[in-house]
Structure formats: structure tokens, C-alpha cells
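Colleague: The primary structure of each chain is shown beneath.
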Amino acid sequence: MTKATLKQLSQQLAAGAVSGVELATQYLDRIEALNPQLNAVITVDRAKTLAEAAAADSARAAGTAGPLAGVPILHKDIFCQQGWKTSCGSRMLDNFISPYDAHVVEQCRAAGLVTLGRANMDEFAMGSSNENSFYGPVKNPWDLNAIPGGSSGGSAAAVAARLAPVATATDTGGSIRQPASHCGVTGIKPTYGVVSRYGMVAFASSLDQGGPIAQTAEDCALMLNVMAGFDERDSTSLERDKEDYTRQLDRPLNGLRVGLPREYFAAGLDADVARIVDEAVSELKKQGAQVVEVSLPNTELSIPAYYVIAPAEASTNLSRYDGVRYGHRAAEYKDLVDMYEKTRAEGFGDEVKRRILVGSYVLSHGYYDAYYLKAQKIRRLIANDFTAAFEQCDVILGPVAPTAAFNLGQLSSDPVQMYLSDIYTLSVNLAGLPGMSVPAGFDRNGRPVGLQIIGNYFSEATMLNVAHQFQLATDWHSRAPAL
Amino acid sequence: MSLTHQDVARIAKLARISVNDEEIAAVGEKLNNIFGLIEKMQAVNTDGIEPMAHPQDVSLRLREDVVTQTNQREAFQAVAPQVEKGLFLVPKVIE
Amino acid sequence: MKWEVVIGLEVHVQLNTKTKIFSGTSTAFGAEPNTQASAVELAFPGVLPVMNKAVVDKAIRLGLALDARINQKNVFARKNYFYPDLPKGYQISQMELPIVEGGKLVILVGEEEKTVRVTRAHMEEDAGKSLHEDFQGMTGIDLNRAGTPLLEVVSEPDMRSAEEAVAYARTLHTLVTWLGICDGNMQEGSFRVDANVSVRPFGQQEFGTRREIKNLNSFRFLEQAIKYEIQWQIDTLEDGGRVEQATVLFDPDSGETRMMRSKEDAHDYRYFPDPDLLPVRISGAQIEAIRADMPELPGAMKARFVDAFGVSAYDAALLTSSRATAEFFEAVASASAQGKLAANWINGEIAARLNREGKDIGACPISAERLIGLIVRIADNTLSSKLAKQVFDALWESDLTADAIIERDGLKQVSDVGAIEKMVEEAIAANPKAVEEFRAGKEKALNALAGQVMKASKGKANPAQVQDILRQKLS
Numbered sequence: 001m002t003k004a005t006l007k008q009l010s011q012q013l014a015a016g017a018v019s020g021v022e023l024a025t026q027y028l029d030r031i032e033a034l035n036p037q038l039n040a041v042i043t044v045d046r047a048k049t050l051a052e053a054a055a056a057d058s059a060r061a062a063g064t065a066g067p068l069a070g071v072p073i074l075h076k077d078i079f080c081q082q083g084w085k086t087s088c089g090s091r092m093l094d095n096f097i098s099p100y101d102a103h104v105v106e107q108c109r110a111a112g113l114v115t116l117g118r119a120n121m122d123e124f125a126m127g128s129s130n131e132n133s134f135y136g137p138v139k140n141p142w143d144l145n146a147i148p149g150g151s152s153g154g155s156a157a158a159v160a161a162r163l164a165p166v167a168t169a170t171d172t173g174g175s176i177r178q179p180a181s182h183c184g185v186t187g188i189k190p191t192y193g194v195v196s197r198y199g200m201v202a203f204a205s206s207l208d209q210g211g212p213i214a215q216t217a218e219d220c221a222l223m224l225n226v227m228a229g230f231d232e233r234d235s236t237s238l239e240r241d242k243e244d245y246t247r248q249l250d251r252p253l254n255g256l257r258v259g260l261p262r263e264y265f266a267a268g269l270d271a272d273v274a275r276i277v278d279e280a281v282s283e284l285k286k287q288g289a290q291v292v293e294v295s296l297p298n299t300e301l302s303i304p305a306y307y308v309i310a311p312a313e314a315s316t317n318l319s320r321y322d323g324v325r326y327g328h329r330a331a332e333y334k335d336l337v338d339m340y341e342k343t344r345a346e347g348f349g350d351e352v353k354r355r356i357l358v359g360s361y362v363l364s365h366g367y368y369d370a371y372y373l374k375a376q377k378i379r380r381l382i383a384n385d386f387t388a389a390f391e392q393c394d395v396i397l398g399p400v401a402p403t404a405a406f407n408l409g410q411l412s413s414d415p416v417q418m419y420l421s422d423i424y425t426l427s428v429n430l431a432g433l434p435g436m437s438v439p440a441g442f443d444r445n446g447r448p449v450g451l452q453i454i455g456n457y458f459s460e461a462t463m464l465n466v467a468h469q470f471q472l473a474t475d476w477h478s479r480a481p482a483l
Numbered sequence: 001m002s003l004t005h006q007d008v009a010r011i012a013k014l015a016r017i018s019v020n021d022e023e024i025a026a027v028g029e030k031l032n033n034i035f036g037l038i039e040k041m042q043a044v045n046t047d048g049i050e051p052m053a054h055p056q057d058v059s060l061r062l063r064e065d066v067v068t069q070t071n072q073r074e075a076f077q078a079v080a081p082q083v084e085k086g087l088f089l090v091p092k093v094i095e
Numbered sequence: 001m002k003w004e005v006v007i008g009l010e011v012h013v014q015l016n017t018k019t020k021i022f023s024g025t026s027t028a029f030g031a032e033p034n035t036q037a038s039a040v041e042l043a044f045p046g047v048l049p050v051m052n053k054a055v056v057d058k059a060i061r062l063g064l065a066l067d068a069r070i071n072q073k074n075v076f077a078r079k080n081y082f083y084p085d086l087p088k089g090y091q092i093s094q095m096e097l098p099i100v101e102g103g104k105l106v107i108l109v110g111e112e113e114k115t116v117r118v119t120r121a122h123m124e125e126d127a128g129k130s131l132h133e134d135f136q137g138m139t140g141i142d143l144n145r146a147g148t149p150l151l152e153v154v155s156e157p158d159m160r161s162a163e164e165a166v167a168y169a170r171t172l173h174t175l176v177t178w179l180g181i182c183d184g185n186m187q188e189g190s191f192r193v194d195a196n197v198s199v200r201p202f203g204q205q206e207f208g209t210r211r212e213i214k215n216l217n218s219f220r221f222l223e224q225a226i227k228y229e230i231q232w233q234i235d236t237l238e239d240g241g242r243v244e245q246a247t248v249l250f251d252p253d254s255g256e257t258r259m260m261r262s263k264e265d266a267h268d269y270r271y272f273p274d275p276d277l278l279p280v281r282i283s284g285a286q287i288e289a290i291r292a293d294m295p296e297l298p299g300a301m302k303a304r305f306v307d308a309f310g311v312s313a314y315d316a317a318l319l320t321s322s323r324a325t326a327e328f329f330e331a332v333a334s335a336s337a338q339g340k341l342a343a344n345w346i347n348g349e350i351a352a353r354l355n356r357e358g359k360d361i362g363a364c365p366i367s368a369e370r371l372i373g374l375i376v377r378i379a380d381n382t383l384s385s386k387l388a389k390q391v392f393d394a395l396w397e398s399d400l401t402a403d404a405i406i407e408r409d410g411l412k413q414v415s416d417v418g419a420i421e422k423m424v425e426e427a428i429a430a431n432p433k434a435v436e437e438f439r440a441g442k443e444k445a446l447n448a449l450a451g452q453v454m455k456a457s458k459g460k461a462n463p464a465q466v467q468d469i470l471r472q473k474l475s
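As they're listed, the protein sequences go chains A, B and C.
Each residue of the first sequence is one higher than the one before, counting from 1 in this note's numbering.
Each residue of the second sequence is one higher than the one before, counting from 1 in this note's numbering.
Each residue of the third sequence is one higher than the one before, counting from 1 in this note's numbering.
Since the hints were made in silico from the structure, they are not lab data.
Keep in mind that a hint or two might mislead.
[To be verified] Residues on chain B that point at chain C, a partial pick, calculated with CB under 7 Å: (1) A53; (2) L60; (3) D65; (4) V67; (5) R73; (6) F76; (7) E84; (8) F88; (9) L89.
Using N, Cα and C, we set each Cβ at its ideal position, and we do this for glycine too.
Start from the sequences and build out the full structure, keeping to the hints where you can.
Modeller: In C-alpha cells:
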């Protein structure tokens with residue numbers, strides 16, 4: 001049963017072929033058996049999970065349950081969940097039991113989804129390899145020597161290893177798409193403002209966006225129906241009518257205009273990744289899509305712009321971790337300032353500290369215009385590039401990352417090389433556009449490679465349609481690693 | 001540009017993160033590599049471009065002035081490092 | 001050397017909203033520590049600010065009253081610094097685009113009017129409180145005040161003396177309470193003043209180096225602190241020293257200012273637009289709706305009182321020192337048609353008594369209606385000024401009307417010519433020496449005789465009539 005998709009599980013629960021408690025037990029057992037190799041899940045609480053599952057079963061029996069009631073889900077440890085440790089992958093919050101639920105968690109609860117546990121992640125979502133977790137790195141289920149990608153590495157690895165049918169995740173610079181690509185699963189980051197950030201521990205407020213990781217595009221559409229929606233507690237949440245993200249899944253791709261940005265296929269792209277993306281494009285062409293070449297000339301600038309804006313916002317978002325009201329406090333200190341400095345030096349890992357320092361520097365007196373303001377202007381140029389491109393096409397296709405997953409430890413001491421590998425994902429966050437990753441093949445080492453689909457604002461249903469049609473014709477998404 | 005030892009010490013102080021002298025050298029080297037990457041921005045002419053602070057060009061929603069929160073001190077202070085008589089305790093603040 | 005003083009003020013006006021600026025938590029004063037601190041005020045992970053509309057409305061009200069520009073697009077920024085009473089590690093404030101810019105406030109210094117330019121007013125959140133009593137050698141943090149909405153009103157350095165600074169602060173205090181946007185309670189910290197003070201040789205163009213005196217919460221401390229600071233700066237310069245830019249605190253016990261931090265330790269606040277909040281946009285219609293709802297402002301009312309009721313500019317200024325006083329006056333003056341009398345009583349006896357008893361006009365035991373009753377009886381000569389004072393005292397102590405008191409105590413002024421003539425004749429007969437002196441040209445002797453008549457009438461005889469009849473009888 002643990003190989004099934006969300007859609008299939010929902011059907012089997014409806015048919016009474018399995019109960020929520022049975023499903024939860026099967027997944028918990030699988031987590032217990034396989035997670036020690038993967039480290040994808042950092043908190044489980046069997047009693048809590050089974051209680052939620054029993055409640056979902058009762059609701060089903062009473063006829064008050066929604067279609068997903070009883071389906072298990074794993075939450076990225078960035079979403080606050082009442083009564084659960086919400087660590088965000090950090091020693092700083094290692095003792096933090098959240099007193100409240102994030103909007104995303106509330107929505108999942110309301111749909112009757114059953115919490116299996118909490119997924120490992122890069123500390124405060126800062127990283128592209130999941131090597132920055134206080135709880136240790138996550139391993140890629142396809143190759144235990146490879147990174148799973150980050151920062152939602154635990155979510156992606158867990159879905160790939162079938163430890164959960166679906167997981168929540170967040171994406172600030174590629175943190176849903178890149179691990180989904182590296183783990184051979186499907187993930188979507190919606191348009192900024194579609195999923196509420198309330199209760200999602202902030203990394204970079206103007207870039208962060210929640211979304212699902214699942215086996216298929218159809219499952220992602222079902223999950224987005226649960227996760228999306230206006231929330232008055234987030235001032236950047238958009239007031240829009242509720243959408244059914246599954247509504248266009250079955251539409252044929254005839255006449256779809258697909259844009260290929262020439263900058264995404266330039267030097268630095270691994271030959272296998274290029275071939276896999278080409279083959280995926282050919283498949284869509286076969287289904288009637290028309291290919292146009294587009295240009296996103298400022299793509300390279302997305303790296304410096306992002307690595308100014310994201311650390312700047314993060315540096316102040318993380319100032320609240322001061323050891324006063326919750327979280328880690330240093331055991332010994334001379335005075336108040338010493339308490340702050342030791343608490344933060346001990347509570348944060350190296351990458352988080354680096355980004356706080358970079359962010360503090362670019363905002364500091366005399367440097368603001370040269371860095372922060374400059375980066376915001378470049379951000380505008382990048383957004384303008386997409387506006388121009390979407391005049392010629394309906395979706396943009398390209399690679400998610402320049403290579404398949406690299407080895408654990410390969411780049412962990414070289415932040416700059418790590419940052420450079422985010423080249424194809426950062427612009428989407430800077431512009432606030434939706435983006436997704438769909439399994440599209442394997443490189444020479446047998447590591448998965450995803451196809452990136454970028455849509456115009458609020459075109460998630462179109463992107464999911466493209467992905468679903470692709471998945472009807474391919475089986476990359478249904479392959480699972482041998483564990 | 002290049003961050004000096006003093007620059008790193010200054011921003012670490014601003015950010016309230018203790019860094020000892022040996023760490024400063026190592027941290028400084030990594031930061032300088034990162035700024036090497038960031039400096040590529042400076043080559044681009046951005047005259048007349050309006051800075052973009054936010055993905056959507058929308059205005060702030062305003063909330064009615066109505067009390068919606070109730071006292072949850074007990075729940076909130078359950079996770080606090082040190083409290084007494086309902087107050088959060090910190091090392092003596094000297095003004 | 002002659003020195004010129006230059007002062008600019010930054011005033012933190014706490015707005016009297018029901019809830020905090022960024023959450024639906026109550027702002028009521030005096031609750032148990034941290035019981036009015038929600039997850040937003042405590043800066044829990046993942047919580048976000050949601051802006052209170054009433055704060056924007058109140059800021060616009062003040063902007064219009066200051067004749068300022070309302071920025072129809074204004075932006076919140078983060079001001080970053082670490083302090084235990086600032087849970088997020090930054091204060092949400094406004095920097096580059098505040099809601100209000102370029103206003104002015106007319107103040108009265110002695111009898112002179114002066115216009116002080118107001119640079120800006122911006123919306124921001126208040127911090128919590130640090131309690132320094134000993135908790136095992138530690139400081140206690142109460143975040144009930146955190147997130148209370150503030151308007152920081154910043155003036156140009158237009159003031160030239162402590163008196164002008166106090167007049168500006170008082171006028172602004174009157175205005176914000178008049179507009180109903182602040183309760184004005186200075187003990188509770190609803191109106192707090194920072195003063196930037198510098199001195200320069202007379203005639204010098206450029207400003208001297210300023211020092212900022214923080215957090216003055218009474219007009220008396222404001223005056224004392226500025227005066228001390230001015231003298232300190234002048235003494236320092238005349239002794240050949242230099243004034244360094246600094247932030248200082250005023251110690252009310254010693255009456256001195258002392259350094260809190262120098263420019264070298266000045267914070268680097270790393271301001272930048274808050275990405276959790278979008279720009280505030282205000283429509284022209286919203287501004288016009290608020291304009292239409294504005295009360296008549298103190299300046300306009302003052303001019304009207306001079307015009308309509310014939311009171312002096314000085315009296316009118318006192319009467320418009322609060323909206324309640326102005327409304328009280330207007331009710332009395334209109335109904336009695338005795339503007340000057342009403343002004344005299346309100347600015348005189350009533351103000352003195354209230355001041356003595358530490359009350360404000362809202363707590364005045366004499367209602368406008370009962371004061372009207374008194375003034376009408378003065379105007380129609382029923383009461384002499386002496387009797388009026390007696391009636392006033394009785395009004396203050398009871399709930400009776402002036403007429404009832406006059407009736408009860410038999411205080412009606414005697415204006416009956418026959419009765420007064422009789423008493424005058426008796427006085428002349430009983431005081432031959434005084435009569436003689438008056439006839440010899442000693443005017444003062446007449447007063448002695450009049451005094452005898454008044455005494456005989458128990459103070460009720462109409463004094464003017466007594467004088468007239470005395471002269472008549474003695475001529």
C-alpha cells in the first residue's frame with residue numbers, strides 16, 4: 001500500500017479497502033525500518049499519529065470526512081504545528097514545541113490528513129543539499145552517497161522512499177523544485193501569495209512560498225487544493241477565489257506554446273541533464289506543443305541579487321532568536337550582550353551565521369544602496385524578462401539544476417559553488433512566479449533528473465496540466481528506489 | 001572590495017553572534033568569496049529602474065480595530081527559558 | 001559670548017486604539033504582565049503583522065490638523081537593534097516614506113504667536129517594558145506595551161528656548177487629545193518627548209552639535225531638562241570644551257542630564273522596507289471622508305471666540321487649551337450671551353479650583369448649565385461680585401442651582417432705593433468724623449462710609465448704588 005499515490009489512497013479509503021489507522025501504521029513501520037538510512041524524518045510520535053488517524057476514520061464513518069481524510073502526510077519541520085516540536089532544522093529551536101498551527105497545517109488538519117511526523121531540512125531552509133541540518137544530513141534514497149537536495153530534502157527523500165505519499169515543503173530559491181528533481185519526485189512552488197506564510201518559519205519573507213511534494217502532478221494538484229487559500233493573518237496572502245487545481249489536468253496539449261530560454265541551456269549544463277530536458281521537450285512536442293525560443297537575459301544576475309536579498313531579509317527575520325522568550329539560551333554568560341552573542345553563536349549553524357553576516361553587512365550604513373537597493377533593481381529586471389517571455393509562450397521549460405545530485409560533502413565547504421548550482425531556480429522566486437519539477441529521467445550514475453516548468457502568475461493549473469499529460473506518457477514519476 | 005578583520009568583527013557584533021579571532025579569519029575568507037559573487041551586480045547599469053521590494057504590486061490590507069486575541073500567557077511561557085511572576089527574565093539590563 | 005539655543009522635538013504619541021498596531025490584542029493599560037502579548041507581540045516563529053486600520057485613520061487626522069501632506073503611498077520599514085523589550089529584534093516603523101510630511105503647528109509664547117514646522121509623523125510600534133527591580137539579579141520583561149501604536153511626530157529645529165519647546169509640546173498635546181487620537185496621559189507614557197538641543201554663537205549659520213535628551217514624560221521635566229542641558233552646553237563651550245553628539249537621559253532627582261551613549265556607540269539600524277508588509281495606499285476619498293469628520297481645530301476656535309464673544313486673544317488661547325474646556329466655554333457663553341463673564345469665571349475661579357484639586361474640566365463639579373445660572377444672575381445685577389463668589393462656592397459644594405442657593409441663603413442683592421437710602425442715612429448719622437473728612441475733600445472717607453452700608457446690608461446692597469446715594473446725600 002505504501003507505494004500508492006495520494007489519489008489511489010484516497011480511493012481505497014473511500015472504498016473501505018483500508019482504514020486510516022492501518023495506513024498510518026504501515027507508513028510508521030516503514031519510516032521506522034528505512035529512516036535510519038535516510039534521516040529524512042526527524043520527529044515521529046506514533047500515539048499522536050494514530051489518534052489523528054482514528055479521528056479521520058471516525059469522520060469517514062460519520063460521513064463528515066473530505067476525500068483526503070485518513071491519508072498520511074509528512075510536514076516539513078518549518079511549519080509550526082501545535083504540540084509538535086518545530087525545530088526548523090536548528091539547534092536554536094531544538095526545544096521548541098509550537099503553541100500554534102501554521103495555516104498550512106490547519107488546512108491539512110481540516111482536510112483530515114494524518115500527520116506522520118516532521119521532515120528534516122536545511123537549517124532555517126538555508127541550503128541546497130540538506131547538509132545544514134542540526135539533525136545531520138539527509139541521504140538521497142536513489143544513492144546514499146548523494147545529497148537529496150535542499151532545503152526540503154527530508155520531504156523529497158521521504159516521498160521518493162515512499163515513507164509518505166505526500167509532504168509539505170517550502171521554496172525560497174528552489175527548495176521544493178531542486179530536491180524534487182534530485183529525488184525523482186514531483187513538487188510545485190505556487191505563485192507568491194497563494195499559500196499563506198502564517199506559521200511558516202520565515203527565511204526570506206518576500207521569497208518564501210509553501211507547496212507540496214508528491215509522486216505525481218495530480219497529487220500535487222489535490223494537495224494544492226488543500227494548501228492554497230486566502231489567510232487574513234498573512235498580509236501578503238492574496239485575496240483570490242478558491243481554485244480547483246485539478247480542473248485542467250486532462251486537457252490535451254495541442255497548441256500549447258512552450259518557451260525554452262536560451263540562457264538555461266548554455267555553458268555549465270551537464271550533458272545528461274541537457275539530453276533529459278531535450279527528450280522531455282520532444283515528448284511534449286509529440287503531444288502537440290509548439291516550441292519557441294525565448295530569452296531571460298538577466299538569469300546570471302539572479303545569483304548575486306538573490307544572495308543579497310535573501311540574506312538581508314533573513315538577517316533580520318532571525319533576530320528574534322535571542323534566547324529571551326523561547327528556544328535555545330546559552331548556559332553561561334557574563335551579561336546581556338554576552339547572552340545574546342553566545343546564544344546565537346551556539347544556536348545557529350555555520351551557513352545560517354554566514355547568511356546573517358552577509359545580510360547585516362549589505363543593510364549596514366553606507367552599503368544599502370550599493371547592495372540591497374541595487375539587488376532590488378536587478379530583481380525588477382529579472383521579473384521584466386519573464387513578462388516579456390510570457391508574451392511568446394504559455395509555460396517555460398528548462399533544467400532545475402545544472403547537474404543531478406552531487407555527492408555528500410562535495411560542496412559543503414564551498415558555499416559559492418553551492419550557490420552557483422541554484423542558477424535555474426532563483427529567478428522564479430525573485431519574480432514571484434510559480435515553478436515546478438517533474439521527474440524526467442536519470443543521469444549516467446542513475447541519479448534522477450527533473451524537468452522544470454515555470455508558469456506565468458497564477459497559471460498553476462496550466463503547469464499541472466502539462467506535467468500530468470507528460471506523466472500520462474512517461475513512467476519516471478512512478479519509479480521508486482530500491483531500499 | 002574585501003572585508004577586513006574589523007569589518008567582520010563589526011558585523012558579527014551588529015548581528016550579536018560571538019566570533020573569536022581565529023574564526024574571524026575563516027569566516028572572513030568565506031564572506032569575501034561570497035562578496036566576490038555578489039559584486040558581479042555592480043557591472044549592470046540599473047539607472048532609472050524602480051526597485052522591486054515585492055513580487056505583487058498590491059496594497060496593504062487593513063484590519064478593523066477589534067480585539068480578537070485572548071490571554072495565552074501560560075501556553076506561551078511554557079517554552080520560555082526563564083520566567084518569574086509572568087515576566088521573562090534576562091540578565092540585568094544596564095542603561 | 002551670546003548664545004542662541006536651537007531645539008527640535010520628537011514626540012511619541014501613543015494612539016488610543018482598542019488593539020495593537022499589528023495584531024488584535026487589547027491595548028488596555030495596567031493588565032498583568034504579558035497577558036496582553038500575543039504570539040505576534042512575542043515574535044514567535046512564523047507569525048506575521050497585520051495592520052490596524054484605525055492607526056492609519058488617526059495618523060491622517062493628525063496630518064490634516066497639522067496642515068501637512070498625507071503620503072498616499074507610504075511604506076513600513078524595519079529598524080533593527082537588539083533589546084530584550086523588542087522581541088523581533090527590529091521595530092516596525094517608517095523611514096523613507098512616512099504617512100505624514102511637511103506640516104506646521106502655531107504656538108503661543110507669552111503673547112506672541114510662532115509657527116513651528118513639523119517635518120514628519122510616522123506610524124510605528126511601541127516596545128515592551130524592562131522592569132529593573134531585582135529578580136534574582138535579573139531584569140523582568142513585560143511585553144504588554146509591545147506593539148501599541150505610536151505616531152512619532154518630528155519637528156524642525158525651529159524652537160529657540162525651553163519655553164518655546166514646552167509651548168510646542170503643550171500645543172501638540174492639546175491637539176492630539178482634541179482630535180481624540182491619544183488619551184494624553186503622560187504618567188502612563190501616552191505622550192513622550194525627546195528633545196534635540198544645541199547652542200551656537202548668535203549670528204552663526206550652521207547648527208552646533210546636538211545632544212538628544214530621551215524620554216521626557218512631563219512638561220516640567222522637559223523644561224528642566226532643556227534648561228539644564230543648555231547651560232551645560234554653554235558652560236562646556238565657554239570653558240573651551242567641545243560638545244560631542246550623544247544621547248542623554250534626564251534624572252529628575254538631580255535635575256541633571258547624563259550621557260547614555262555617544263555617537264561612536266550609535267546604532268546602525270539597517271533600515272529597509274519590511275517584506276512582511278505591503279505599501280499602505282490611501283485614497284483621496286478616504287482622506288476627504290476623514291477631513292469631513294474633523295472637529296473644529298483649536299486655532300480656528302480661538303479666532304472665533306475672539307470674534308463672536310469678544311474675549312481677549314489670551315483668554316481665547318486658555319479656553320482652547322483643551323477641547324472639553326472650549327466646549328464648556330462655548331455652551332456657557334452662548335446660552336448666557338456673556339462671553340467675557342464666562343471667560344473670566346472659567347479661566348479664573350474654575351481653573352484655579354480645578355488646579356488646586358488636581359482635576360480637569362471633565363471633572364468640574366459645576367456643570368455648564370449651573371454656571372450659566374450664576375452668570376445670568378450676575379449680568380442682571382441680582383448678584384454683586386462678592387455675592388457671586390459666595391454662590392460659586394456653594395455651587396461647587398452642592399448640586400443646587402444658583403437661583404436655589406440665592407433663595408436659600410437670601411443672597412439677593414438689594415437694589416431697592418428706599419432701603420439703601422435708609423441705611424445710608426444711618427451710616428451718615430453714626431459716622432460724623434468720616435462725613436467731615438469727605439466734605440473736606442478726602443475721597444477715601446467715602447469708602448469707609450460705603451463699607452459701613454455694605455456691612456449693615458450684610459453685603460447685599462448694590463455697591464454702585466450705595467456709592468451714588470452716598471454722594472447724593474453728602475453733596
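Colleague: Now tell me if each hint is right for this structure.
Modeller: We went through each hint and held it up to the structure:
1. The interface hint given for A53(B) is met, as the beta carbon of that residue sits about 5 Å from the closest beta carbon of chain C, less than 7 Å.
2. Interface restraint check for L60(B): the shortest CB-CB distance to chain C comes to about 4 Å, inside 7 Å, so the restraint holds.
3. Hint status for D65(B) relative to chain C: holds, with the closest Cβ pair at about 4 Å, below 7 Å.
4. Taken as an interface hint, V67(B) checks out: its beta carbon lies about 5 Å from the nearest beta carbon of chain C, inside 7 Å.
5. A cut of 7 Å between beta carbons decides the hint on R73(B): the least distance to chain C is about 5 Å, and the hint holds.
6. The interface hint given for F76(B) holds, since its Cβ lies 6 Å from the closest Cβ of chain C, which is under the 7 Å cut-off.
7. Hint on E84(B) holds. Least Cβ distance to chain C is approximately 5 Å, under the 7 Å limit.
8. For F88(B), the suggested interface contact is upheld, since its CB lies about 4 Å from the closest CB of chain C, less than 7 Å.
9. A least Cβ separation of about 4 Å between L89(B) and chain C falls short of the 7 Å threshold, and the interface hint therefore holds.
Checked against the numbered hints given earlier, this structure breaks none of them.
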